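The lines below spell out each chain.
Number of protein chains: 2
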Amino acid sequence: MTVKILLEEKDIPRQWYNLGADLPTPLQPPLGPDGNPVSPEMLAPVFPMNLIEQEVSAERWIDIPEGILDILYRWRPSPLYRAKYFEEALDTPARIYYKNEGVSPAGSHKPNTAVSQAWYNKEFGIKRLCTETGAGQWGSALAFACSLLGLECKVFMVRISFDQKPFRRLMMETWGANCVASPSPETKAGQKILAEKPDTPGSLGIAISEAIEAAVTDPGGKTRYSLGSVLNHVLLHQTIIGLEAKKQLEKAGEKQVDVVIGCAGGGSNFAGIAFPFVADKINGADISIIPTEPTTCPTMTRAPFSYDHGDTARMTPLLPMHSLGHGFVPPPIHAGGLRYHGMAPLVSQAIVEGLLEPMALHQLECYEAASLWARTEGFISAPETSHAIAAVIRQAKQAKEEGKEKVILFNWSGHGLMDLTGYQAYQEGKLIDYPLPEEELQNSLKVIENLPKPSTAKTGKW
Amino acid sequence: MTVKILLEEKDIPRQWYNLGADLPTPLQPPLGPDGNPVSPEMLAPVFPMNLIEQEVSAERWIDIPEGILDILYRWRPSPLYRAKYFEEALDTPARIYYKNEGVSPAGSHKPNTAVSQAWYNKEFGIKRLCTETGAGQWGSALAFACSLLGLECKVFMVRISFDQKPFRRLMMETWGANCVASPSPETKAGQKILAEKPDTPGSLGIAISEAIEAAVTDPGGKTRYSLGSVLNHVLLHQTIIGLEAKKQLEKAGEKQVDVVIGCAGGGSNFAGIAFPFVADKINGADISIIPTEPTTCPTMTRAPFSYDHGDTARMTPLLPMHSLGHGFVPPPIHAGGLRYHGMAPLVSQAIVEGLLEPMALHQLECYEAASLWARTEGFISAPETSHAIAAVIRQAKQAKEEGKEKVILFNWSGHGLMDLTGYQAYQEGKLIDYPLPEEELQNSLKVIENLPKPSTAKTGKW
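Protein chains in written order, with our numbering: chain C, 26 to 487; chain W, 26 to 487.
A portion of the hints provided could be inaccurate.
Claimed, not checked - Simulated pairs of lysine to aspartate or glutamate, EDC-like, Cα-Cα distance not exceeding 16 Å:
#, chain 1, residue 1, chain 2, residue 2
1, W, 109, C, 112
2, W, 147, W, 113
3, C, 109, W, 95
4, C, 29, W, 95
Unchecked claim - Restraint ranges, calculated between C-beta atoms of paired labels, are given here:
#, chain 1, residue 1, chain 2, residue 2, range
5, C, 462, W, 450, 41 to 49 Å
6, W, 58, C, 203, 58 to 66 Å
7, C, 148, W, 378, 54 to 62 Å
8, C, 454, W, 242, 29 to 37 Å
9, W, 425, C, 88, 53 to 61 Å
10, W, 213, C, 219, 53 to 61 Å
11, W, 472, C, 459, 53 to 61 Å
12, C, 427, W, 191, 38 to 46 Å
13, C, 219, W, 189, 26 to 34 Å
14, W, 382, C, 150, 46 to 54 Å
15, C, 75, W, 450, 35 to 43 Å
What the hints contain is simulated information worked out from the structure, not anything from laboratory work.
These numbers come from a predicted model, not from an experiment.
Here a beta-carbon is modelled for each residue, glycine too, at the ideal position from N, C-alpha and C.
With the rest of the complex left out, here is chain C (with noise of 0.2 Å):
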């Protein structure tokens, strides 16, 4: 048996795909703060006008652009494997496939859209990108793509993580990004609160506001805001793994899959492996498709869909999707990429759809389901992406109960080597599953009760 599934560069799709395309429901516009839709120029400053069309987009396949490819050369198409190893410990019937997106220079999916957005701003003439990272995986990812594109790399991070992952601010400074910690006395914002709370482990809200201020203020007009998940675009880029992986499966002699899994923060990684069968699922195909997150953080198993801002400040336009609120603090779980209060809005109009089926796991389930990955696939997950893995063996066992040969494909989105203290944790027994707090998310949830509702907002196409 194969346990590689590799695809020669030549086969590399050269389109990625648009979900937007073909949701039954057309996808509803972001609301300015009148409440009307936010038009393309509003967004002109903060993004580059390419990557705006790109957003507003009702295409199905858009062109990868020959530049692009070329730096995704380095690491895709990414392996896809048999989970062989893992199948034999489960002693399941089903066949387990996961791509590696964690081959890549930065060790995660991440690079597939931060490659993309720094060609298009590069192509626009900017000569300069801002974001914001928590945890550091999004600014790691965004300044490898800016250090091989010769832009400059501007990296605000959330303080806490600053301090206590110094080896995340280390690999965006060997490529070369200026990452500072947030709230930082660079911007208006960041040294409003410095003032008033000097200590603040600071936030991704906060981060948020200095990486669009700085990119907004620049006088020279050459810098734009760079945003790792949520945003339509974003999620276009990651679909290459999932139409590598329809290629790769084909390959591998398998004429059907049955169930496709990803974890869920924003949702690019998720929409990443997913929306190429989402897809075929519109079209009639019999596939449960399972978007996983923390049950911490119950963006898609609690949430409403209602409009809210993207960011705690309140900085962005309202978007639709599901939300436990802007102001909601998840409890400190290891997967810090899924300690998000909403989701993407082409995942959440998925699921308003009935396209997916979200699930929702505690993270001692997931370290234990990550431990026996790495005892037998050999590959150390990050804590995120053992959100995919503990899903996979539930649906492995069933397959088993049921004695059905099930294909499931998931995405192994990252290594966890520099994210190791969850599994120390987990080993020393210390690791406990957070009840959720619910005063704090009725309470969160209130404050956007009056915000439009997406089926109420006054709607238009961009």
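Here the structure of chain C is known, so what remains is to put chain W in place on it, guided by the hints.
Showing chain W alone in chain C's frame:
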């Protein structure tokens, strides 16, 4: 241009190459304390007999068992890359190729032999392996291998690294290994040193003593010791790298290789990429084969070819090798894996035969090279690997000066994601080039002056 030259699993080499069979002068045997050759039986408490047989084998080609290939498929064949982005930055007519060994679960070439050794031990009925580790690359590779094969693994990790590199220890524990700081209270050797110096930072020499003691004193007789470099069978297992590279270069249309480069600490990484090409050189091919080392630990460029102990504590037999003396302590450069006083007998003998052209480099040049690499090829290199990259740059520049289209191959032996503090020092301008401690070196060489010399030793075929 294709960036990654892939091999399918079915095309993986099915035999290892044993340079010992082709060296013009046969390798001389290790000597015991009495100056007589060590018999294979004398090594039986330390290593399983199937590996001892491999250690002394005169066969040119040795079959790789299917059970080992079955595990190696997780990351082998590893991709061969054309470093075209690096070439562009250097504006060189040279064509530069590199094997990416960083794709293994442990992140380096070390698992090639870790898996093989664990497999042979298991075949021999062994239940538990003991080893030492310095910075942690080898310990984590063996932990990984034992985990997949269901062997127990005990790692004695030099205390200063144990304290400074908790992530490497966590990797080992995630793979189920038991890792303790050395010196430990678990062995007599450790107890003795702790009684004398409770606050000692430890050393590789002490850790080797503890690991061997733990292996040979196991009352059940089901424990053996495992070494990550230096020995013939360890180098043998790494030759799969160079054998794959040959097939891949042929696939890339290259008819001839002009330069082969690998960094060498104990010698296994260099041997892995180079030995199949040394065979060509013995048969008349015009190839420069360059093992690289730190100027501060100039085993190949300054040390005599002598018999010496493999460890500081003189527990091991005497090996015929280039050695700075078993008491030599190199300055604290970041490339911990290259801070070894000796060099593998097979590599040493090839140097004596005039088959290799060793090169010594200072660490500042190496970090400068690795930084250019990160910003062009994208991958962040291990500090050891940077010693190969710097040599590649020298060769590429020379090719430019001479206007020659040289083909350069080197082994990108591992990623540096767990070892970023050297990059930090480099970026902050704090990285220094240590002088070679000449006086200490002369004193260390004096100690081995009276040990037998390979040319005059009572040698004999094993």
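Original post:
Measuring from beta carbon to beta carbon, are residue 472(W) and residue 459(C) in 53 to 61 Å?
Top reply: 59 Å, holds
Note to self: residue 29(C) and residue 95(W) were given as a pair; does the straight-line alpha-carbon distance stay at or below 16 Å?
What the structure shows: 11 Å, holds
Practice prompt. For residue 213(W) and residue 219(C), compare the CB-CB distance with the range 53 to 61 Å and indicate the outcome.
Written response: Holds, at about 57 Å.
Honestly, do residue 219(C) and residue 189(W) meet the 26 to 34 Å range at C-beta? The hint (26 to 34 Å, Cβ to Cβ) holds, given that residue 219(C) and residue 189(W) are roughly 32 Å apart.
**Prompt:** Would you say the C-beta atoms of residue 454(C) and residue 242(W) sit inside 29 to 37 Å of each other?
**Reply:** Holds: the Cβ-Cβ distance is about 31 Å, inside 29 to 37 Å.
The hint says 53 to 61 Å between residue 425(W) and residue 88(C); measuring C-beta to C-beta, is that right? The hint (53 to 61 Å, Cβ to Cβ) is violated, given that residue 425(W) and residue 88(C) are roughly 37 Å apart.
- Between residue 147(W) and residue 113(W), does the CA-CA distance stay at or below 16 Å? Given pair residue 147(W), residue 113(W) is violated - Cα atoms ~48 Å apart, limit 16 Å.
| message | Looking only at beta-carbon atoms, does the pair residue 148(C), residue 378(W) fall within the given range of 54 to 62 Å? | response | About 55 Å separates the Cβ atoms of residue 148(C) and residue 378(W), which means 54 to 62 Å holds.
**Asked** Per the hint of 46 to 54 Å, is the separation of the Cβ atoms of residue 382(W) and residue 150(C) within bounds?
**Response** Holds - the Cβ-Cβ distance for residue 382(W) and residue 150(C), about 48 Å, lies within 46 to 54 Å.
inquiry  = Assuming the hint says 41 to 49 Å, is it satisfied by the Cβ distance from residue 462(C) to residue 450(W) or not?
reply    = 43 Å, holds
- Quickly compare the C-alpha distance for residue 109(W) and residue 112(C) to 16 Å and report which way the hint goes. Answer violated: residue 109(W) to residue 112(C) is near 39 Å, above 16 Å.
Worksheet entry | Distance restraint between residue 109(C) and residue 95(W), which requires alpha-carbon spacing of 16 Å or less | 11 Å, holds
Hints 1, 2, 9 from the list above are not met by this structure, while the remaining hints are.
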